[in-house]
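Chemist: Here are the chains, one letter per residue:
There are 2 protein chains.
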Amino acid sequence: MARRARRRGGVRLSKTVAELLTWERVCRVATVNAAGQPHTVPVCHVVDGGKIYFASAKRAPKTRNLRANPRIAVVVDVYTEAWSGLRGVLVQGTARLLEGGPAFRRARARLYAKFAHYQTTYPLDEADSVIVEITPTHVFSWGLE
Amino acid sequence: MARRARRRGGVRLSKTVAELLTWERVCRVATVNAAGQPHTVPVCHVVDGGKIYFASAKRAPKTRNLRANPRIAVVVDVYTEAWSGLRGVLVQGTARLLEGGPAFRRARARLYAKFAHYQTTYPLDEADSVIVEITPTHVFSWGLE
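Protein sequence lines correspond, in order, to chains D and C.
Take any residue in the first sequence, count from 1 to its spot, add 20: that is its number in my numbering.
Take any residue in the second sequence, count from 1 to its spot, add 20: that is its number in my numbering.
Hints are computed from structural coordinates only; laboratory data are not their basis.
We put the beta carbon where it would ideally sit given N, CA and C, even for glycine.
Careful, some of the hints might be misleading.
To be verified - Among chain D residues calculated to face chain C with C-beta under 8 angstroms, some are:
(1) V52
(2) Q57
(3) I92
(4) Y142
What the hints assert, rightly or not - Restraint-style ranges between C-beta atoms, simulated for each label pair:
(5) R130/D - R87/C: 38 to 48 angstroms
(6) Y132/C - Q139/D: 38 to 48 angstroms
(7) Q139/D - T141/C: 19 to 29 angstroms
Bound conformation, chain D alone:
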């Protein structure tokens, strides 16, 4: 059964939703440009303190979009051909861009811990990268208890 959770100023992630978000390694993030055109790409995310974080290049379209409109949506889902077993979660929220400083470094450490790729091959340099922090405002899940 699909479930909704809403609260102004941030919504708490249920245990099953947080588990899916925490362990899955890819999600798709949607942003909107100033003209109202949506954009969506896969990103690798972490969860920390009920918020979602992912890295983006400073000049990437999604970064540019978020500077114009901080509203964001993220979907984490697991596809299966047995459609009765489909499950996932849509998180809508507000994005804040972390551009260096302690909050950036804390989130980067979380990303490095989950994705060693970053540390070994694709370092997140404060000069070129931002980390996007999502505060959930609406959560909609399916196939999770």
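Given chain D, put chain C in place with the hints provided.
Modeler: Using the frame of chain D, we list chain C on its own:
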């Protein structure tokens, strides 16, 4: 190398892009509501004549969003832990809602052919379902030749 293709009034899908879109069985679609809030969920799509089609419930948020703003984005991507092998395609475009009639039935036949699930278990009834037709306006791909 990432590649871009743009053209007003519809852009042609390259052979490798069309192949990925045609054979992959799930994509994620992003829409925007009247207040500029993005929404994204997984859908099962088909490609026909250079356009992308997927079904939606008449009352679903993405259907409601598309009635307010026909701009849409779809991402088809294949995740791998070997990040140098990541590949995918983002298609941005304009959506038209097919609500019954020959165009609806033609697209439904394509969906039924690719996803037998629809025909056997989740029939697409003209009373409850729409089919969204996407005309691509921008295509951005990565990891495809």
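Chemist: Indicate, hint by hint, whether the structure satisfies it.
Modeler: Consistency of the hints with the structure:
{"no.": "1", "hint": "V52", "verdict": "holds, 5 angstroms"}
{"no.": "2", "hint": "Q57", "verdict": "holds, 5 angstroms"}
{"no.": "3", "hint": "I92", "verdict": "holds, 6 angstroms"}
{"no.": "4", "hint": "Y142", "verdict": "holds, 7 angstroms"}
{"no.": "5", "hint": "R130/D - R87/C: 38 to 48 angstroms", "verdict": "holds, 39 angstroms"}
{"no.": "6", "hint": "Y132/C - Q139/D: 38 to 48 angstroms", "verdict": "holds, 47 angstroms"}
{"no.": "7", "hint": "Q139/D - T141/C: 19 to 29 angstroms", "verdict": "violated, 45 angstroms"}
The structure fails to meet hint 7 from the earlier list, while all remaining hints are met.
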